[in-house]
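Chemist: Just so you know, the sequences run in chain order C and U. The first sequence begins at 1 in our numbering and counts up one residue at a time. The second sequence begins at 123 in our numbering and counts up one residue at a time.
Worth flagging that the hints you see were computed from the coordinates, not collected in a lab. Just so it is clear, the structure is predicted and the values come from calculations on it, not from any experiment. Don't be surprised by glycine CBs; every beta carbon is placed ideally from N, CA and C. Take the hints with a grain of salt, since some may be wrong.
[Stated by the list, open to error] Quick list of simulated restraints, FRET-style, between CB atoms: (1) Gly43/C to Glu382/U: 28 to 38 Å; (2) Glu41/C to Leu274/U: 28 to 38 Å; (3) Arg374/U to Arg38/C: 40 to 50 Å; (4) Thr383/U to Arg12/C: 39 to 49 Å.
[Unchecked claim] Some chain U residues near chain C, calculated using beta-carbon distances under 10 Å: (5) Lys272; (6) Leu274; (7) Phe276; (8) Asn279; (9) Glu310; (10) Ser319; (11) Pro338; (12) Gly340; (13) Glu372; (14) Gly376.
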Amino acid sequence: MEQPFSLTSEVRENRLIITTSGYVNNVGGEAIAAEFARHFEQGTRHIVINLGQSRVVNSVGMSFLIEIIERLQDAGGKLVFTDLDPAVEKMLSIMGLFQYAGKEKTVGDALLSFHEAGKPGP
Amino acid sequence: MNERTDVDTRKRLPDGQIEALEKAFRTLSAAPTLMDQATRLRDVLGGYFPGDTVSLYRRTGMEWESLGVRVDGTVPHLPSADGDAATVSALEGGKVSIVQKLADRSQIGVVLVRGGRGTPYAETDLVTLRLFLTLFDNAFRELVARRNEKELIFSLNHRVLQLNSLIDTGIEVSKLSGSAPPHHLALERAASLTNASSGVLRVSRGGRTEEEGWFPHGGAPEGAGSRGGGISTAFDFGGETYKFQLFDKESRSGIIPFDETDQLLLDALSRQVHASLENLYLHQEALEKQKIEQDIAVAASIQQRILPKTLPGIDGYDIAGVNIPSKSVGGDYYDCIPLPDGRFAMVIADVAGKGVPAALLVSSFHAYLTAYLEAALPLVDLAVRLNRVIARASTEDKFITAFFALLTPSSGALETVSAGHNPVFLRHTDGTLRELSLGGIPLGMLDMDFPYQSESLTLGKGERLLLYTDGIPEATDGRQRLYEADFPLKEFVSRHVPVRAETFIHELIADVKKFTGPAPQNDDITALYLLKH
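In isolation and in its complexed conformation, chain C is listed as follows (with noise of 0.2 Å):
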């Protein structure tokens, strides 16, 4: 059964990467909203979330992940789903996440695509 939402956040090469645990509710939501929106003020554009211990998002989870990838969009960076499940990819999917937002197999993957879409960290 899914664990209760939590998160951690590193940045490597002045990208971002959140790893969430658990459900991805509006409290999960807002955690990874206010996680991004501290960086993303310093300049940070381009963002890794690691989804891989996060096997439940609701509508209201996925919200704020939309309203992260539209700020992204606006400022020219790029959001990257990781360690996706595949009930949530296919939720992810269908609520049109990756027409915006890219997703790759792991964390390493994701920066090497920010890397060979010539876009290096601001």
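Fit chain U to the known structure of chain C by using the hints.
Modeler: Okay, now just chain U, sitting in the frame of chain C:
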């Protein structure tokens, strides 16, 4: 006192102002939020009225609130907008205000204060100001339309997600080898699809909770259900009640009540779990049945090895037998075993019950019987010992009826013992019958050295002996009538005297089958027939 000024917007605009307005509209329209739009409007007005102070206010209820830089620390008194058009008012101290009603029924107010010692605002300035506010209103309408469109798309996508998830969950919970119990998966999905903060599944029997699982994991969250109530559904299966409860529906604006769709989703997921549990039960039942059938097949194979493939030839006699089990494994037994001293032991037996337990008992009976025959025990002692070992090898409701006959072929001497078995028919050459039934209780009925009696006789030329189990006289037709009632076996034995023993067996079985017709055989049919040439 505020002096209100009506502005005629139909007056011609100065050259180049149209372009400035177009640019302003593009700037305002690109703003993603109202706050951003307000900031941009302030910048646009600041650019158009350089040196002036621009303050923005918004009114959603009764009070005006600041949206940015203010003239001073207080919110000025602003008039309400009349109709859809912007209302421009001259304020004290060379200030001017303009109020515009917006698409969401809120109002935006702008206060301009000339910087330095500038001239008062001209009428054209007021016209321009009014135009900018109209542009702002239009840009805000676009913003609201875009937001509504996004919300609609999000809502539609969410509906698609709910339906898709409902289907996927149905498939997943119906997987019989799934890693997670179906009810836990359904609770997870129900909580996420309805935006519930938490949920619980309780399985109870007779009012006592046997299993309780919370989502998210970790027990009941503090105050679960106290903020926004909850919804629930339940079903009964296997004497247990499965109850799903969801608590506190989340939204971006806080906890809101669950709606009908949420209840429908929870009910649907609950029904899927119910169906899955029923399918799992039926699947396990089918597996058990399959295993039993496999066990029966093995037991049948053992049984077939116990029953004789052929009977021994006896000089001066003809012997034939038959065994037709009613199930895959029967509880009947027969044999004719040659003994070292030249005699033959004819045996027929019937275990109470059928199936694997009966077959196992027959197997034990066969093993003990052959051992005791090799030991050349007197027939009555053999019966006593068999009674004892069968009593110890079987359950209380299991026993064996049996008939033993020791034949000395050369003399025709026959010693018989019946262990509670059907009487054996001896047919004399004149057609009369003698019933042989002396002996004792069925084998295994009592765990004690119960004495058995034997009887001795001599078979004459042309005399015949029929040993049989009750599957023949008690064979029934489609209307549950007994074969014995319409066609007494004694009469058949008396009337049928074919030359060969095998022919008698064939005719007897054919007669029974003719009587029963297509009715299912409800007991084993076994017979052993001996005739003396």
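Chemist: Against each hint, give a clear statement of whether it holds in the structure.
Modeler: The hints, checked one at a time:
Judged by the Cβ atoms, the range 28 to 38 Å given for Gly43/C and Glu382/U is violated: they are separated by roughly 47 Å. For the hinted restraint 28 to 38 Å between Glu41/C and Leu274/U, the CB-CB distance of approximately 31 Å keeps it satisfied. Here the CB-CB span from Arg374/U to Arg38/C is close to 20 Å, at odds with the stated 40 to 50 Å. Checking the proposed 39 to 49 Å range against Thr383/U and Arg12/C shows it holds: the Cβ atoms sit about 42 Å from each other.
A cut of 10 Å between beta carbons decides the hint on Lys272/U: the least distance to chain C is about 8 Å, and the hint holds. A hinted interface residue such as Leu274/U counts as satisfied when its beta carbon comes closer than 10 Å to some beta carbon of chain C; here the least separation is about 12 Å, so the hint is violated. Checking Phe276/U against chain C: minimum C-beta separation of about 7 Å stays under 10 Å; hint holds. With its C-beta approaching chain C no nearer than about 5 Å, Asn279/U sits inside the 10 Å limit, and its interface hint holds.
For the restraint placing Glu310/U at the interface with chain C, the shortest Cβ-Cβ distance is roughly 5 Å, inside the 10 Å limit, so the hint holds. At about 7 Å, the closest approach between the beta carbon of Ser319/U and any beta carbon in chain C falls short of 10 Å, and the interface hint on this residue holds. Given hint, Pro338/U at the interface with chain C, holds; its Cβ is 5 Å from that chain's nearest Cβ, closer than 10 Å. Because the beta carbon of Gly340/U sits about 6 Å from the nearest beta carbon in chain C, less than 10 Å, this interface hint is met.
With a least beta-carbon distance of about 4 Å to chain C, the hint placing Glu372/U at the interface is held under the 10 Å criterion. Interface hint status for Gly376/U: upheld, as the beta-carbon distance to the closest one in chain C is roughly 9 Å, under 10 Å.
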